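Engineer: Chains P and X, in that order, give the protein sequences.
FYI, the numbering for the first sequence is 1 to 991, going by this note's numbering.
FYI, the numbering for the second sequence is 1 to 170, going by this note's numbering.
Read the hints as simulated data drawn from the structure, not as lab findings.
Heads up, a few of these hints could be off.
Some but not every residue of chain P turned toward chain X, in silico, with C-beta under 10 Å [stated by the list, open to error]:
(1) 117
(2) 175
(3) 197
(4) 282
(5) 438
(6) 705
(7) 707
Computed footprint of chain X on chain P, listed as stretches where at least three residues anywhere in the stretch have a Cβ under 8 Å from a Cβ of chain X [unchecked claim]:
(8) 504-513
(9) 649-655
(10) 733-741
Predicted, not measured: the structure shown is a model, and the values here were computed from it.
By construction, the Cβ of each residue, glycine as well, lies at the ideal position given by its N, Cα and C atoms.
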Amino acid sequence: MTRLETAGGLIGRTVERVEDAGLLTGRGRYIDDLPVRRDTAHLAILRSPHGHAEISSIDTTAALALPGVFAVLNGEDVARLTRSMTVGVKANVECWPIARDRVRYVGEPVALVVAENRYVAEDALDLIEVEYERLIAIVDPENALAADAPVLHPSLGTNLINERSFRYGDPEAALATADHRISIRIAYPRNSCTPIETYGVIAEYDPGEDAYDVTANFQGPFSIHAVISRAMNVPGNRMRLRTPPDSGGSFGIKQGVFPYVILAAVAARVAGRPVKWIEDRLEHLTASVSATNRVTTLEAAVAADGRITALCWDQLEDCGAHLRAPEPATLYRMHGNMTGAYAIENVAIRNRVVLTNKTPTGLNRGFGGPQVYFALERLVHKIADELGLDRLDVIRRNLVPAGAFPYRTATGGLLDSGDYQTAIDRACAEGGLEALRLRRDSARAEGRLYGIGYAAVVEPSVSNMGYITTVLTPEERTKAGPKNGAQSVATVAIDPLGSVTVKVASVPQGQGHRTVLAQVVAERLGLRLEDVRVNTELDTARDAWSIASGNYASRFAAAVAGAASLAADRIRERLAAIAAAQLNVTADRIDFRAGKLFDRDNPDNAISFGRVAAASHWAPGTLPDGTGQTIRETVFWTPEQLEAPTATGGINSSLCHGFIFDICGVEIYRATGQVRIDRYVTMHDCGRILHPGMVDGQVRGGFAQAVGAALYEEYAYGSDGSFLTGTLADYLIPTVMETPEPLILHHETPSPFTPLGAKGVGEGNCMSTPVCIANAVADALGVEDIRLPLLPSRVSEWLYAEERPSSKPQDVAPVATGASGERMLTGAGSADVVATRDSVWTMLLDPNTLKAIIPGAHEVRKVSDTHFRAEVTLGIGPVKGRYRADIRLSDMIAPEAVTLSGGTEGALGSGRGTGRVTLTETATGTRIDYRYEAAIGGKVASVGGRLLDGAARVVIGQFFQALARHAGGSAPPSGAAGLIQRLSNLFRGRG
Amino acid sequence: MPRMNAAQRHGVDFTLNGRRVRAEAENRMLLSDLLRHEIGLTGTHVGCEHGVCGACTVQIDGKPARACLTLAQQVRGSDVRTVEALAPDPAELSPLQAAFRRHHGLQCGFCTPGILMSLDALLREQPDAGREDIREHLSGHLCRCTGYATIVEAALAAAEEQRKEETTNA
Ligand code: FES
Ligand code: FES
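Here chain X stands alone, though its shape is the one from the complex:
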């Protein structure tokens, strides 16, 4: 990595939701601030800035990561995905999102983008994920509104649907 100066902004080139972007950030700028305030994608939320609540979870090279514990400069050359990339088209929800709506998996929706990004990665890597896998992955997220049960139901339904889809396509 090139030598950088704390007082200056430096370019960060990366792929964001399938598109190449170039942004400018001071060394100390968090990825969450870069996404929200420099680029303007406010779907990624910030609940604690110390890595506990999970609201800021995005995917970096396919893996869930806390944007509040990641420096903007760390994603140079990476592939970053945020909640804005989940829906196949602006007027349509992804199966996971639709399951959340059907099962009332959200109330205020503040924790939701982070949870969706974790579950999206889980269901991709582990299509056969069951209740316990889902609970385990959700345990990295805090939700203060729902009491979690409907989130688990939504995730199970989405997993089920995805499996059906795959069998039909196979």
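Okay, chain P solo, but in the shape it has when bound:
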């Protein structure tokens, strides 16, 4: 393979990005910016408020009758026109993009509305009546395995959808003869890299050709195109999938848009017009996709000197309610590098995949790495601690030796290149480890809590498309036929004026692929950066692509940029032949520089690039014999090292393996439990660096996300399956204030397996940083069972075994979470009104008065003297919905006291509660005292306590304010007027 000289070239230089001018001036073209046909309608999705329930009925009559609504579909309507999505393991289970008879996670689509605009479509959602029979929800993966656990999929008969065991070397013997057996148990939480742009789909159906045409901000892998086509029941050539020119970040997450591609496509077909859907943030957080949460037990056989001789993995993977393609890939992506950076010969692995009442999982930056390395690197620290050894010594003792590359791991991976020892030495020296240790010692001497952590991680990139078949048994694999490789593709084309266009199927999500490809191709052809234009939009009906196309597994620099350089080289060779004939020299003397082709030995003997390049268009008859055209060259490149799994379950799951070594110093504040990252050093070996600025950008971006995962972010569920982090005020993404600046170091050992020597780099810190921070916190606190995220509340529990009881008075402090996982709210207050007690009493029992004073009431009907029924619309933060409430009166002591109890049910959630109201005569009128207790579940509960508790107080406050006004008085409820004013400013919903 030809290697490039970079001296003076473009590759390896931090050039300004060609993408930026458009993005900085508002001229980006993201999915929601694209022009659409004039008759395009908008799709809105009704989603399940329950974690687990049977759907007893869906009534869409009122929604359909709303002016502006074109179509309403339920699960059965979708099922009639599609097929179940392919499931990646052998299991008797179906996987639909919308619920049919049962909902299995909060946010699962239940009905679709197509209407003239998004406002009307969302109005119509409120008019759909769904009756549910609630079932017990299973949230914890270990509980899902219990014998008496409710089963999510009756056809499966169990929640354990897949189990596989693997054995490499002789792990049992190694364990039996080891000096020490040391193990650790880890529960890794759910989180997501949550791009700032949400999902979007524009779909169209052509009944004449039975063909779909969909544009979506899908990121790949395009193996999913096959899943979509099968589900739509059309051949691949009738499922045209396109991507917009720009995408607002993805980090794996936009792989998960594909079920919505199916839903929007069906909706377009039924509505008879194009349909557009832009996901909102609540939908995104609740129901898009996330990483898996995983429970891992990892045991090591260890010699007295800290040398690890065997690893035994027991991984319990929680993929949520459905096993959606490409899952259970998160569990298998790391299979070839389960020994990390270490030379460990004996490995046992038990992998179980379980289904729970949570959102189905999918790609997320780091994909499987955070879960694996959290266990492995916590264990390595623990081994050192238990044996009284230096942690760095234990890491060093176990590393793959520098001269051993390419190194075949026990589980079948082929580590392409590296020099881990030197990288670590340099990180310690250049990262100032000695100074950091002194800093720790002096902090500790002052009684402060300070710790240092390390993490050594192998970062795989360029996935073997066959790795996921490791989940099949060897017999199943034989039957299905071998799967391996990873085709990357690039096209270099020259137009009649001699200018160069590059086309790839890498579907960038903001990384700057267009710039790097222009660098690579311009350098190969001796052109300026601006002479090469790159197009990265993908259209499956027109462009070259394959299942490995897309933007995932950090494959761009290693594979796609490599394919582009190969394509450029093929054209270069032909251009040289053409120029040689014209310059009367041999082709090997032709060089390319500054837009010219010239004789290396006589640079004045030159011809312009454009002239040579255009010859294939204008005068093909003049090309030398045997020289092909230079109009367009498409190269598909798949590396031979990506072989199918072996009979014994060995798999080289990735082509490239970068190396990361991180050092972290943290301080923990005793008073608050806050973790502050004091220093962070991250050393990367990602092979040859093509654009240093972008590589550092990838490192910093991944690092920031990993800080979030370590300290703040979790997709939290209540035990009833309710989703608790549905806004960005609850799911805490780090801002600039929470993001420290890491020291980034590089040590380059080029990959011998890729055309440019580059490896992936984008995901590494998502794998190394969470565990590195956890190791530092463990060092600071001396706690073993470190659980993420390291929220101050959790850290405080370790600092002060038990929390002191709150000093706030009980009746104003809302309780966080009810026993059932619902959110409990309690409160009390009073209001003075200028009216007699009797008149206040009558008002409270009169439906017309109630309608006038209940915030958001459309209608209040008196069913009996003690039973009222109300229709109300309430907005809490971003969640606005219509509710039906049944209110019953009891314990009536006219005109003094009454207990109101009731329940409410709406698309967005449910609630029930009781309140006691007492009326006392005062000098100026009547004082109303109230005290309430309520439990709230479903989507509303997901907006989180912060908003909900305040909103409840606001709504109840408004009720009594209105009552006071209605009674002719003007006194506001006592106490909280200022607060209520402020809160009601805060909670202006969309209206």
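Could you slot chain X with the ligands onto chain P? The hints should help.
Structural biologist: Same frame as chain P, but now just chain X with the ligands:
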């Protein structure tokens, strides 16, 4: 403000990027939707529609504001500026924009327009803004790609350049 009917669209007259415009909007229409889908200026992005991410930030009468928390009708008579107004000319970037490009202050660019609008207002009101002021103003924005450091560097560079410019002009 005149009495309005929820079922009808009402005119909104305002100044947008230096030009007077008249648009039609239902009462409940958000400013972000008006700008993007009625007027067609899609540079203002929507990341959360609940006021946290900052992607939709525009300037209303010179002050940064969340377009997703503003009703279209609220800008009657106001002066609204969006990211489309920052560059002095279509082929040229403003000093702040150019600094973002030089310092790799963006990747996907989705958060960028909102950040530019906040920083543009900051640098106008507080020409001597330093690192801490800039960080504080940026804390109202979420960026998922960059890890923020390059954004801070770009803003500092732009502030520096602006100060130099002013001294030369003075
Ligand atoms: S879209 Fe307005 S703040 Fe997020
Ligand atoms: S550049 Fe992508 S979110 Fe900021």
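Engineer: Run every hint past the structure and note whether it holds.
Structural biologist: Status of the hints after comparison with the structure:
The interface hint given for residue 117/P holds, since its Cβ lies 8 Å from the closest Cβ of chain X, which is under the 10 Å cut-off. Checking residue 175/P against chain X: minimum C-beta separation of about 42 Å lies over 10 Å; hint violated. Interface restraint check for residue 197/P: the shortest CB-CB distance to chain X comes to about 5 Å, inside 10 Å, so the restraint holds. For the restraint placing residue 282/P at the interface with chain X, the shortest Cβ-Cβ distance is roughly 8 Å, inside the 10 Å limit, so the hint holds.
Taking 10 Å as the C-beta cut-off, the interface hint given for residue 438/P is violated, the closest approach to chain X being about 26 Å. Contact between residue 705/P and chain X, as hinted, is supported at the beta carbon level, the nearest pair being about 7 Å apart and thus within 10 Å. Residue-level restraint check for residue 707/P holds (minimum Cβ-Cβ distance to chain X is 9 Å; threshold 10 Å). Remark: the stretch 504-513 of chain P is confirmed as covered by chain X, as 4 of its residues place a Cβ nearer than 8 Å to a Cβ of that chain, reaching the required three.
Only residues whose beta carbon comes within less than 8 Å of a beta carbon in chain X count, and the stretch 649-655 of chain P has 0; fewer than three means the coverage is violated. Check result for the stretch 733-741 of chain P against chain X: holds, 6 residues qualifying (beta carbon to beta carbon below 8 Å, three or more required).
When the structure is compared with the earlier hints, violations turn up for hints 2, 5 and 9 and for no others.
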